[in-house]
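Quick note, the sequences are listed as chains E and U, same order.
Counting from 1, position 156 in the first sequence corresponds to residue 156 in the UniProt record's numbering; the numbering is continuous, with no gaps.
Counting from 1, position 92 in the second sequence corresponds to residue 92 in the UniProt record's numbering; the numbering is continuous, with no gaps.
It is worth saying that the hints were derived from the structure and are not from the lab.
What you are looking at is a predicted structure, and each value in this text was computed from that prediction instead of being measured.
Some hints could be false.
Restraint-style ranges between C-beta atoms, simulated for each label pair [as the list claims (entries may be wrong)]:
no. : chain 1 : residue 1 : chain 2 : residue 2 : range
1   : E       : N126      : U       : L62       : 41 to 51 Å
2   : E       : G185      : U       : L121      : 26 to 36 Å
3   : E       : G26       : U       : I96       : 51 to 61 Å
4   : U       : G227      : E       : G50       : 53 to 63 Å
5   : E       : N31       : U       : R35       : 34 to 44 Å
6   : U       : E249      : E       : L124      : 19 to 29 Å
7   : U       : F168      : E       : A203      : 33 to 43 Å
8   : U       : R171      : E       : S188      : 37 to 47 Å
Here are the computed lysine to any residue pairs in the SDA-like style, where the Cα-Cα straight-line distance is at most 20 Å [what the hints assert, rightly or not]:
no. : chain 1 : residue 1 : chain 2 : residue 2
9   : E       : K191      : E       : K65
10  : E       : K85       : U       : A196
11  : E       : K85       : U       : R198
12  : E       : K65       : U       : D195
13  : E       : K65       : U       : L201
14  : U       : K99       : U       : R186
15  : E       : K23       : E       : G90
16  : E       : K11       : U       : D197
17  : E       : K191      : E       : K173
18  : E       : K173      : U       : D98
19  : E       : K173      : E       : V219
20  : E       : K11       : U       : E187
21  : E       : K65       : U       : D98
22  : E       : K65       : U       : D197
23  : E       : K11       : E       : R175
24  : E       : K70       : E       : G119
25  : E       : K11       : E       : S34
26  : E       : K173      : E       : G90
27  : E       : K85       : U       : D185
28  : E       : K85       : U       : K99
29  : E       : K65       : U       : I175
30  : E       : K65       : E       : T79
31  : E       : K65       : U       : A196
32  : E       : K85       : U       : I175
33  : E       : K191      : U       : I175
34  : E       : K173      : E       : I197
35  : E       : K191      : E       : G159
36  : E       : K23       : U       : R198
37  : E       : K65       : E       : A231
38  : E       : K70       : E       : N49
39  : E       : K173      : E       : G119
We put the CB at the ideal spot given by N, CA and C, even for glycine.
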Amino acid sequence: MTATNKAGTAKPPLLETRELMIKFGGVTAANNVSMQIEAGRNLAIIGPNGAGKTTFLNICTGWIKPRSGKVFLEGEDITPLPPRKIVRRGVARAFQIPQLFTEHTALENLLISAAAREGLRNPLQNLHNIRQRDEMMHLLDLVHCTDVADRVVVELSEGQRKLIDIAVALALKPRLLLMDEPTSGVASSQKHEVMEILVGALAEAGVTSVFVEHDMGIVARHADEVAVWNAGNVQLRGTPQEILEHPDVIRDVIGEEVA
Amino acid sequence: MNLTIFLLALFDGISYAALVFIVALGLTLIFGVMRILNVAHGSLYAIGAYATVSLTGFFLALGFAPVFAFPLMLVSAVLVGVLLGGPIEWLLLRRIYDKPEVLQLLVTFAVFMILEDVQRLLWGTQPYFQASALQALGNVTVFGVTYTVYQLILLPLVAICLLFGLRFFLRHTVIGKLILATTEDREAAQSIGIDADRVFLFTFVVGAVLAGLGGALASPTTSILPGMGADMIVLSFAVVATAGLGQIEGAAVTALMIGLGRSFAVYVWPEVAVLVPYLIMVLVLLVRPEGLFGSPVARKI
Numbered sequence: 001m002t003a004t005n006k007a008g009t010a011k012p013p014l015l016e017t018r019e020l021m022i023k024f025g026g027v028t029a030a031n032n033v034s035m036q037i038e039a040g041r042n043l044a045i046i047g048p049n050g051a052g053k054t055t056f057l058n059i060c061t062g063w064i065k066p067r068s069g070k071v072f073l074e075g076e077d078i079t080p081l082p083p084r085k086i087v088r089r090g091v092a093r094a095f096q097i098p099q100l101f102t103e104h105t106a107l108e109n110l111l112i113s114a115a116a117r118e119g120l121r122n123p124l125q126n127l128h129n130i131r132q133r134d135e136m137m138h139l140l141d142l143v144h145c146t147d148v149a150d151r152v153v154v155e156l157s158e159g160q161r162k163l164i165d166i167a168v169a170l171a172l173k174p175r176l177l178l179m180d181e182p183t184s185g186v187a188s189s190q191k192h193e194v195m196e197i198l199v200g201a202l203a204e205a206g207v208t209s210v211f212v213e214h215d216m217g218i219v220a221r222h223a224d225e226v227a228v229w230n231a232g233n234v235q236l237r238g239t240p241q242e243i244l245e246h247p248d249v250i251r252d253v254i255g256e257e258v259a
Numbered sequence: 001m002n003l004t005i006f007l008l009a010l011f012d013g014i015s016y017a018a019l020v021f022i023v024a025l026g027l028t029l030i031f032g033v034m035r036i037l038n039v040a041h042g043s044l045y046a047i048g049a050y051a052t053v054s055l056t057g058f059f060l061a062l063g064f065a066p067v068f069a070f071p072l073m074l075v076s077a078v079l080v081g082v083l084l085g086g087p088i089e090w091l092l093l094r095r096i097y098d099k100p101e102v103l104q105l106l107v108t109f110a111v112f113m114i115l116e117d118v119q120r121l122l123w124g125t126q127p128y129f130q131a132s133a134l135q136a137l138g139n140v141t142v143f144g145v146t147y148t149v150y151q152l153i154l155l156p157l158v159a160i161c162l163l164f165g166l167r168f169f170l171r172h173t174v175i176g177k178l179i180l181a182t183t184e185d186r187e188a189a190q191s192i193g194i195d196a197d198r199v200f201l202f203t204f205v206v207g208a209v210l211a212g213l214g215g216a217l218a219s220p221t222t223s224i225l226p227g228m229g230a231d232m233i234v235l236s237f238a239v240v241a242t243a244g245l246g247q248i249e250g251a252a253v254t255a256l257m258i259g260l261g262r263s264f265a266v267y268v269w270p271e272v273a274v275l276v277p278y279l280i281m282v283l284v285l286l287v288r289p290e291g292l293f294g295s296p297v298a299r300k301i
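Looking at chain E on its own, in the form it has when it is part of the complex (with noise of 0.2 Å):
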């Protein structure tokens, strides 16, 4: 079976997955997900503590795996896939806590990235050497922090290291990034300008992201589409202005932070 999408045409989606069940205890964290991922439109992942938002990105980038269903990358099977197995196809992961290598630069992180991207072809080179140094700077660059490129990560701020984390992510060449609320931890005034730059970033590399994200602001204003979870499944989809007004939505998800 290949899905088809709203287009008409054969291609299959960037991602989909097709009834993912997993318990954790005798909690349903995923409870027959079948959802697809188009390129080029950013979903926004919202709902309740809980709901299975994180168990999602994590099956999909392989960290858990499912007890039933599968994952598609394109049409192709990477369910069964180690993590890095699937991050070489172009599925990419960012954590709520930045995974950044605290003890080297910003830019040393990204030529890491380069690195493990890349395979080992000359494994004793000077890492500040590889062909991708420039390219890395341009993604620094990319997330407004080339002033911070040779400063080690303990330095920097929480919304600075976001971004890195962004960018290193990219290093990858993903196809697709999966965030996990890339807003958390940063000064509540500066959350709209590191969405901007981030989404930016990632409009400019071509990357389509799928981001779980509490503050309904920013879903609005940078997601495309909006998917509401709710025990373990996917309840509602749609544009963010159909879905934020949605009155389950307020009840449920939103609550007294509108109201």
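Chain U: place on chain E using the hints.
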């Protein structure tokens, strides 16, 4: 103490420290990267020595020149690293990285005991001697003290080259950086596509080669007999623990301290010579439990 005795103790200490350092280097590398204290390191050292003696004996009997012993040391070290180190990581350690440290220690200790018996099985219990490498380089006389070039110059030179080579390798090469990245955060490394399993396998093999090389280099200076692995693992552990686990430069300094402490004790107060390395270790760890160069929180290699 006259000058001759002083120089003899000094030279003994330096050459001994160089050997212990080479073995300790592998031990501390493996610990720094993989967080495994590999007791079987002692066996890899002993087997490196046995392999060198056997290979050298074999080729000299075929009429090769004694200098041929040097490449054979390297061959032995690499054989030990690849044929023993590789399978130990691949078949055993890989399965226990997330298990409690006590279990990891027991597993490597079990490997050590198995390999001890394998040595007895293959080489018997009679001591072996093979000093062609030592004789090939001749002697040097310093202030009236005659010492072998092998022990006074070659061993320290190799130790220093390995120290700086490994430092450079880890800090300035692509693969070194990938190893350090995996050391710092295994999950983050995997999420950017680094094959952490291969990084660990590679690191363990390098560490095992260093153990084998230590044994190979020690072989011309000592008699090869059962139990030598146990002596060396305890001593190199003392060096590594005194420095702080995972501290490469620190291990060089403590190897020198312990080597010199032991050799001077041999001349001054021979009854306690065997005790000196451990006295140094205990005294240091009483004052600084994280080791001379270790920091209690951050792990660096």
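Each hint, compared with the structure:
{"no.": "1", "hint": "E:N126 - U:L62: 41 to 51 Å", "in the structure": "holds, 43 Å"}
{"no.": "2", "hint": "E:G185 - U:L121: 26 to 36 Å", "in the structure": "violated, 59 Å"}
{"no.": "3", "hint": "E:G26 - U:I96: 51 to 61 Å", "in the structure": "violated, 30 Å"}
{"no.": "4", "hint": "U:G227 - E:G50: 53 to 63 Å", "in the structure": "holds, 59 Å"}
{"no.": "5", "hint": "E:N31 - U:R35: 34 to 44 Å", "in the structure": "holds, 38 Å"}
{"no.": "6", "hint": "U:E249 - E:L124: 19 to 29 Å", "in the structure": "holds, 21 Å"}
{"no.": "7", "hint": "U:F168 - E:A203: 33 to 43 Å", "in the structure": "holds, 41 Å"}
{"no.": "8", "hint": "U:R171 - E:S188: 37 to 47 Å", "in the structure": "holds, 39 Å"}
{"no.": "9", "hint": "E:K191 - E:K65", "in the structure": "violated, 32 Å"}
{"no.": "10", "hint": "E:K85 - U:A196", "in the structure": "holds, 12 Å"}
{"no.": "11", "hint": "E:K85 - U:R198", "in the structure": "holds, 14 Å"}
{"no.": "12", "hint": "E:K65 - U:D195", "in the structure": "holds, 18 Å"}
{"no.": "13", "hint": "E:K65 - U:L201", "in the structure": "violated, 25 Å"}
{"no.": "14", "hint": "U:K99 - U:R186", "in the structure": "holds, 15 Å"}
{"no.": "15", "hint": "E:K23 - E:G90", "in the structure": "violated, 27 Å"}
{"no.": "16", "hint": "E:K11 - U:D197", "in the structure": "violated, 35 Å"}
{"no.": "17", "hint": "E:K191 - E:K173", "in the structure": "violated, 25 Å"}
{"no.": "18", "hint": "E:K173 - U:D98", "in the structure": "violated, 31 Å"}
{"no.": "19", "hint": "E:K173 - E:V219", "in the structure": "violated, 25 Å"}
{"no.": "20", "hint": "E:K11 - U:E187", "in the structure": "violated, 33 Å"}
{"no.": "21", "hint": "E:K65 - U:D98", "in the structure": "holds, 19 Å"}
{"no.": "22", "hint": "E:K65 - U:D197", "in the structure": "holds, 19 Å"}
{"no.": "23", "hint": "E:K11 - E:R175", "in the structure": "holds, 15 Å"}
{"no.": "24", "hint": "E:K70 - E:G119", "in the structure": "violated, 28 Å"}
{"no.": "25", "hint": "E:K11 - E:S34", "in the structure": "holds, 18 Å"}
{"no.": "26", "hint": "E:K173 - E:G90", "in the structure": "holds, 7 Å"}
{"no.": "27", "hint": "E:K85 - U:D185", "in the structure": "holds, 18 Å"}
{"no.": "28", "hint": "E:K85 - U:K99", "in the structure": "violated, 25 Å"}
{"no.": "29", "hint": "E:K65 - U:I175", "in the structure": "violated, 30 Å"}
{"no.": "30", "hint": "E:K65 - E:T79", "in the structure": "holds, 7 Å"}
{"no.": "31", "hint": "E:K65 - U:A196", "in the structure": "holds, 19 Å"}
{"no.": "32", "hint": "E:K85 - U:I175", "in the structure": "holds, 19 Å"}
{"no.": "33", "hint": "E:K191 - U:I175", "in the structure": "violated, 36 Å"}
{"no.": "34", "hint": "E:K173 - E:I197", "in the structure": "holds, 18 Å"}
{"no.": "35", "hint": "E:K191 - E:G159", "in the structure": "holds, 8 Å"}
{"no.": "36", "hint": "E:K23 - U:R198", "in the structure": "violated, 31 Å"}
{"no.": "37", "hint": "E:K65 - E:A231", "in the structure": "holds, 19 Å"}
{"no.": "38", "hint": "E:K70 - E:N49", "in the structure": "violated, 24 Å"}
{"no.": "39", "hint": "E:K173 - E:G119", "in the structure": "holds, 13 Å"}
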